[in-house]
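Using the hints, position chain Z against chain P.
Going line by line, the protein sequences match chains P and Z.
With numbering that gives the first Met the number 0 as the guide, the letters of the first sequence map in order to residues 0 to 505.
With numbering that gives the first Met the number 0 as the guide, the letters of the second sequence map in order to residues 0 to 313.
Careful: at least some of the hints might be erroneous.
One-sided excerpt, in silico: chain Z residues whose CB lies under 10 Å from chain P [claimed, not checked]:
| hint | residue |
| --- | --- |
| 1 | S3 |
| 2 | R4 |
| 3 | V5 |
| 4 | A6 |
| 5 | L63 |
| 6 | I64 |
| 7 | L86 |
| 8 | R92 |
| 9 | Q97 |
| 10 | I98 |
| 11 | D223 |
| 12 | Y305 |
| 13 | L307 |
| 14 | E309 |
| 15 | R310 |
Under 7 Å between C-beta atoms, here's a sample of chain P residues computed to sit facing chain Z [stated by the list, open to error]:
| hint | residue |
| --- | --- |
| 16 | G73 |
| 17 | V247 |
| 18 | A256 |
| 19 | P265 |
| 20 | L266 |
| 21 | H275 |
| 22 | T284 |
| 23 | S285 |
| 24 | G286 |
From chain P, some residues computed to sit far from chain Z (all C-beta separations above 12 Å) [unchecked claim]:
| hint | residue |
| --- | --- |
| 25 | A28 |
| 26 | Y29 |
| 27 | V105 |
| 28 | R149 |
| 29 | V241 |
| 30 | R352 |
| 31 | Q356 |
| 32 | S411 |
| 33 | E414 |
| 34 | A418 |
| 35 | L492 |
Note that these hints are calculated values from the structure, not bench results.
This structure is a prediction, so every number in the text was calculated from the model and none was measured.
Glycine is no exception: its CB is placed at the ideal position from the N, C-alpha and C atoms.
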Amino acid sequence: MSQRNTGSELENARSGVGPRFEAYKLGSAYDEMFSKPGEPREHYEGLFARLGSASGDELEGLQRAIEQAFLFQGITFTVYGHEDATEKIIPTDLAPRIIPSGEWDVLDAGLKQRLTALNLFLADLYGDQAILKDGILPRSLVLGSPNYRREMLGVTVPHGAYVNICGSDMIRREDGQYAVLEDNLRVPSGVSYMLANRDAVKRAFPDLYRAARVRPVETYPDDLLATLRSLASEYQPDPTVVILTPGVFNSAYYEHAFLARLMGTPLVEGRDLVIHDNVVYMRTTSGLKRVDVIYRRVDDEFMDPLAFRADSILGVAGLMNAYRAGNVVIANAPGAGVADDKAVYAYTPEIIRYYLQQDPILPIIETYLCREKTQCSHVLDNLDKLVVKAVGESGGYGMLIGPHASKDERTSFAEKIKADPENYIAQPTISLSTAPVFVDGHVESRHIDLRPFILAGKKMTLTPGALTRVALKRGSLVVNSSQGGGSKDTWVLSGPSHASEGAVTP
Amino acid sequence: MMLSRVADALYWIGRYLERAEHGARLLDITLTAGLEGGRDEAELIAGRALRALGAEPLEAGNSLIDAARVLTFDRADSNSIFSSIALARENARQVRDQITTEMWERLNLLFLRMRDTVGQPGWEGRANAIYQSAIADLHAFKGIVEGTMSHGEGYRFLALGGAIERAQIICKLLELHLVETEGPAIQEFGWVTLLRMCCGLEPFVRARTADFRRESVAEFLILDQEFPRSLRFCAERIDRHLQGVAPGAFGQRRTAFLRLTGKLRSKLDYASLEEVIGADSKAFLASVIDECISINSAVHDAFVAYPLEERLPA
Numbered sequence: 000m001s002q003r004n005t006g007s008e009l010e011n012a013r014s015g016v017g018p019r020f021e022a023y024k025l026g027s028a029y030d031e032m033f034s035k036p037g038e039p040r041e042h043y044e045g046l047f048a049r050l051g052s053a054s055g056d057e058l059e060g061l062q063r064a065i066e067q068a069f070l071f072q073g074i075t076f077t078v079y080g081h082e083d084a085t086e087k088i089i090p091t092d093l094a095p096r097i098i099p100s101g102e103w104d105v106l107d108a109g110l111k112q113r114l115t116a117l118n119l120f121l122a123d124l125y126g127d128q129a130i131l132k133d134g135i136l137p138r139s140l141v142l143g144s145p146n147y148r149r150e151m152l153g154v155t156v157p158h159g160a161y162v163n164i165c166g167s168d169m170i171r172r173e174d175g176q177y178a179v180l181e182d183n184l185r186v187p188s189g190v191s192y193m194l195a196n197r198d199a200v201k202r203a204f205p206d207l208y209r210a211a212r213v214r215p216v217e218t219y220p221d222d223l224l225a226t227l228r229s230l231a232s233e234y235q236p237d238p239t240v241v242i243l244t245p246g247v248f249n250s251a252y253y254e255h256a257f258l259a260r261l262m263g264t265p266l267v268e269g270r271d272l273v274i275h276d277n278v279v280y281m282r283t284t285s286g287l288k289r290v291d292v293i294y295r296r297v298d299d300e301f302m303d304p305l306a307f308r309a310d311s312i313l314g315v316a317g318l319m320n321a322y323r324a325g326n327v328v329i330a331n332a333p334g335a336g337v338a339d340d341k342a343v344y345a346y347t348p349e350i351i352r353y354y355l356q357q358d359p360i361l362p363i364i365e366t367y368l369c370r371e372k373t374q375c376s377h378v379l380d381n382l383d384k385l386v387v388k389a390v391g392e393s394g395g396y397g398m399l400i401g402p403h404a405s406k407d408e409r410t411s412f413a414e415k416i417k418a419d420p421e422n423y424i425a426q427p428t429i430s431l432s433t434a435p436v437f438v439d440g441h442v443e444s445r446h447i448d449l450r451p452f453i454l455a456g457k458k459m460t461l462t463p464g465a466l467t468r469v470a471l472k473r474g475s476l477v478v479n480s481s482q483g484g485g486s487k488d489t490w491v492l493s494g495p496s497h498a499s500e501g502a503v504t505p
Numbered sequence: 000m001m002l003s004r005v006a007d008a009l010y011w012i013g014r015y016l017e018r019a020e021h022g023a024r025l026l027d028i029t030l031t032a033g034l035e036g037g038r039d040e041a042e043l044i045a046g047r048a049l050r051a052l053g054a055e056p057l058e059a060g061n062s063l064i065d066a067a068r069v070l071t072f073d074r075a076d077s078n079s080i081f082s083s084i085a086l087a088r089e090n091a092r093q094v095r096d097q098i099t100t101e102m103w104e105r106l107n108l109l110f111l112r113m114r115d116t117v118g119q120p121g122w123e124g125r126a127n128a129i130y131q132s133a134i135a136d137l138h139a140f141k142g143i144v145e146g147t148m149s150h151g152e153g154y155r156f157l158a159l160g161g162a163i164e165r166a167q168i169i170c171k172l173l174e175l176h177l178v179e180t181e182g183p184a185i186q187e188f189g190w191v192t193l194l195r196m197c198c199g200l201e202p203f204v205r206a207r208t209a210d211f212r213r214e215s216v217a218e219f220l221i222l223d224q225e226f227p228r229s230l231r232f233c234a235e236r237i238d239r240h241l242q243g244v245a246p247g248a249f250g251q252r253r254t255a256f257l258r259l260t261g262k263l264r265s266k267l268d269y270a271s272l273e274e275v276i277g278a279d280s281k282a283f284l285a286s287v288i289d290e291c292i293s294i295n296s297a298v299h300d301a302f303v304a305y306p307l308e309e310r311l312p313a
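With the rest of the complex left out, here is chain P (with noise of 0.2 Å):
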């Protein structure tokens, strides 16, 4: 599509001939693509007119053939408890997320500031723990944790970065500020869709991709490696790093393997690693190699039946004390889920201005804790509003929708929260930003969330790009894959400073 007649294809999709766009709803939540009805923003204009002049025939033809290109590559994760079925492919949804360069310098800032002070956070909890005697945060509220380690008192990790790969979860709230609402700082995943997403839309779209210079994400794997590398002694020229995954039953293994393939990392399961002496070897077809650096993915519960859970087959006996040995490097350092806590979260805007005398340039989701008295109070009074989550679950599971539940509900969880306060915390109830995706050859509007990536070791790198999730179904604002999400590719635009990045060809 030549610049020549992109305003002819604007206007007609303005004018209602395309009819692309006759289901497109826009509710009270911030849109991605639309100021107002039929008004696209301008970093969307573009894909406005492409979309609104393609035949719902190439749209849907586009559509299968990414699908088809999924599931030959084998881009699927496993869905538990099918017998013959186990592998499916991810829905992705063509038509990207665009972020404009001005809002990314925001988010970059923001979120290297938190993870910043978090490791901060984190180097304190298992050192001197100078925040808890300040008072900033209840003692109990973290040394009570089930996700804090003891086993990591008084360890220092390289370059203090007890988080190394970093995948937080942002929203966009009703003003059009983005909001992080939740920190994943043990084993977060996605990064493969992050690239294969990007591929597929470059092949799908290469005009559009071409003219809105987008900025790349295909440096990823490399520099994963080099943040990992960076964490091996100085001492080691050229460390051995290798991936730990639980093996090729667990759901994000295409991920593993994938980012083993691009980094030219052994992907390496528990049975594989021996430990000796404190020192953690591999076994190799030509003996025993030393093992420097280790990614793992496996929780940490999993990782060392000697140091954790007695009954996992997925980890390695003996590793903690290799690592407490100094011999080898675990990213991310074990204990580091205690900074990801939902209950720690609402302390986070005063852990940065504790640590780094800032204030936090993105904002949390407002939070009630109800271990405290008149927050507990507000809440129960407020259960109608609010979100009320567990503080030591995740994935959807003891939670209240209050909107969405029945009076009954609710007054069951109220005696719940009643019972063990400091167990809940509650949010208002929040609306997901919408942009377009594709349904049966038209567009219609979603609810997505944004993953995106930072990676800290000897420096931190935020890739300009992310995994933006889509709750498929109507309405929904559930995007977890397990449940019916899908995703789609995001384009970080190139500002004034990234002339040359722009310039890269696809």
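The following block gives chain Z in isolation, referenced to the frame of chain P:
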């Protein structure tokens, strides 16, 4: 240097795919044998093919196509073609980072095609087309391996698995044709079919003209130096691939399996025709199969399941 588990998986991909290809070819040939040879001859061929694939002989009332269905699609039978392909793919998925995208996509495509055929009504009518397309995909896969994968240790384990499986398969076919004494003597059509089962009809005719006699066919399939499915050729490959794996490592265990492969190789290099098809033919073929099995375990012991005590730093 590669992970032991990865080497093991690659080795088994090689074996499973060789097995799948063999199964597809045997069934393809068996289903059409009746069209070319006489009826009795076709029955004998079907009987031998089923035994070569480890299946029970046909009982009255059971049709060949029913037996073929089981041998092709039955997931409960780990030797069926679909099982072999699925197992190869499962292994490939576990070492997805070690094989090329081109290899993975071809294998995955083969699996998806086979899966879509399972239980489809009317597959009987297209059975030959299904087998031929599977064989073509498997050939393509091998070509992709040659052209896209580095010919290093991983490649050698993959090729080693294929060569050992092939030697055992061909040996089994030869046993059924050379040693078997029951029933009528095998006629020309039987020897032609044996060559086709080994994918060797055309190379045989080129090398020895259309002279289909027992001695001539046996000599070709056992002792030919150039035909890639002769026992001698397989033995040479087994030895060569193992020589190239982890050179310098594993002193004693290395000697153990290199001794085995060297023996097998020289046995086939220096065997006389009389030895291999004469009165001792049965013992000779049995010893080749036994030695393949020993090599299989020696390789496993040396590279995969070695005791850690041997390899720990002092």
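These are the hints, each one checked on the structure:
A distance limit of 10 Å between C-beta atoms decides the matter here; for S3 (chain Z) the minimum to chain P is near 4 Å, and the interface restraint holds. The closest approach between the C-beta of R4 (chain Z) and any C-beta of chain P is roughly 5 Å, which is under the 10 Å cut-off, so the hint is satisfied. A cut of 10 Å between beta carbons decides the hint on V5 (chain Z): the least distance to chain P is about 8 Å, and the hint holds. Using the Cβ-Cβ criterion of 10 Å, the hint placing A6 (chain Z) at the interface with chain P is satisfied: the shortest such distance is roughly 5 Å.
This hint is violated: L63 (chain Z) has a C-beta 27 Å from the nearest C-beta of chain P, more than the 10 Å allowed. At a threshold of 10 Å, the smallest CB-CB gap from I64 (chain Z) to chain P is about 24 Å, leaving the interface hint violated. The criterion of a C-beta within 10 Å of any C-beta in chain P is not met by L86 (chain Z), whose closest approach is roughly 13 Å, and the hint is violated. Hint status for R92 (chain Z): holds, given a least beta-carbon distance of 6 Å to chain P, under 10 Å.
Restraint check, Q97 (chain Z) versus chain P: the minimum CB separation of about 8 Å is within 10 Å; hint holds. For I98 (chain Z), the interface hint holds, since its Cβ comes within 10 Å of a Cβ in chain P; the closest pair sits about 9 Å apart. Against a cut-off of 10 Å between C-beta atoms, the interface hint on D223 (chain Z) is violated, since the closest Cβ of chain P lies about 32 Å away. Annotation: Y305 (chain Z) was flagged as interfacial toward chain P, and the flag holds, the nearest CB pair being 8 Å apart, inside 10 Å.
Checking L307 (chain Z) against chain P by beta carbon gives a least distance of about 6 Å; that is within 10 Å, so the hint holds. Because the smallest distance between the Cβ of E309 (chain Z) and any Cβ of chain P comes to about 8 Å, under 10 Å, the interface hint for this residue holds. This hint holds: R310 (chain Z) has a C-beta 4 Å from the nearest C-beta of chain P, less than the 10 Å allowed. Interface restraint check: G73 (chain P) against chain Z, minimum CB-CB distance 6 Å, threshold 7 Å, status holds.
About 5 Å separates the beta-carbon of V247 (chain P) from the nearest beta-carbon of chain Z, less than 7 Å, and the hint is met. For A256 (chain P), the suggested interface contact is upheld, since its CB lies about 4 Å from the closest CB of chain Z, less than 7 Å. A least Cβ separation of about 6 Å between P265 (chain P) and chain Z falls short of the 7 Å threshold, and the interface hint therefore holds. Interface restraint check: L266 (chain P) against chain Z, minimum CB-CB distance 5 Å, threshold 7 Å, status holds.
For H275 (chain P), the shortest C-beta to C-beta distance to chain Z is roughly 5 Å, which falls under 7 Å, so the interface hint holds. The closest approach between the C-beta of T284 (chain P) and any C-beta of chain Z is roughly 4 Å, which is under the 7 Å cut-off, so the hint is satisfied. Proximity of S285 (chain P) to chain Z holds as hinted, the smallest CB-CB distance being about 4 Å (cut-off 7 Å). Restraint check, G286 (chain P) versus chain Z: the minimum CB separation of about 4 Å is within 7 Å; hint holds.
With a minimum CB-CB distance of about 39 Å to chain Z, A28 (chain P) clears the 12 Å threshold, and the non-interface call stands. Every CB of chain Z lies more than 12 Å from the CB of Y29 (chain P), the least distance being 39 Å, so the non-interface label holds. With a closest Cβ-Cβ approach of about 36 Å to chain Z, V105 (chain P) is found to remain outside the 12 Å limit, as its non-interface label requires. At roughly 30 Å from the closest C-beta of chain Z, the C-beta of R149 (chain P) stays outside 12 Å, upholding its exclusion from the interface.
Its beta-carbon lying about 9 Å from the closest one in chain Z, V241 (chain P) breaks the requirement of being farther than 12 Å from that chain. Listed as outside the interface, R352 (chain P) is consistent with that label: its C-beta sits roughly 43 Å from the nearest C-beta of chain Z, beyond the 12 Å cut-off. Look at Q356 (chain P): its CB is around 44 Å from the nearest CB on chain Z, clear of 12 Å, so calling it non-interface holds up. Listed as outside the interface, S411 (chain P) is consistent with that label: its C-beta sits roughly 45 Å from the nearest C-beta of chain Z, beyond the 12 Å cut-off.
Under the 12 Å C-beta cut-off, the non-interface status given to E414 (chain P) relative to chain Z holds; the minimum distance is some 47 Å. Under the 12 Å C-beta cut-off, the non-interface status given to A418 (chain P) relative to chain Z holds; the minimum distance is some 46 Å. Taking the minimum C-beta to C-beta distance to chain Z, about 30 Å, the non-interface status of L492 (chain P) holds against the 12 Å cut.
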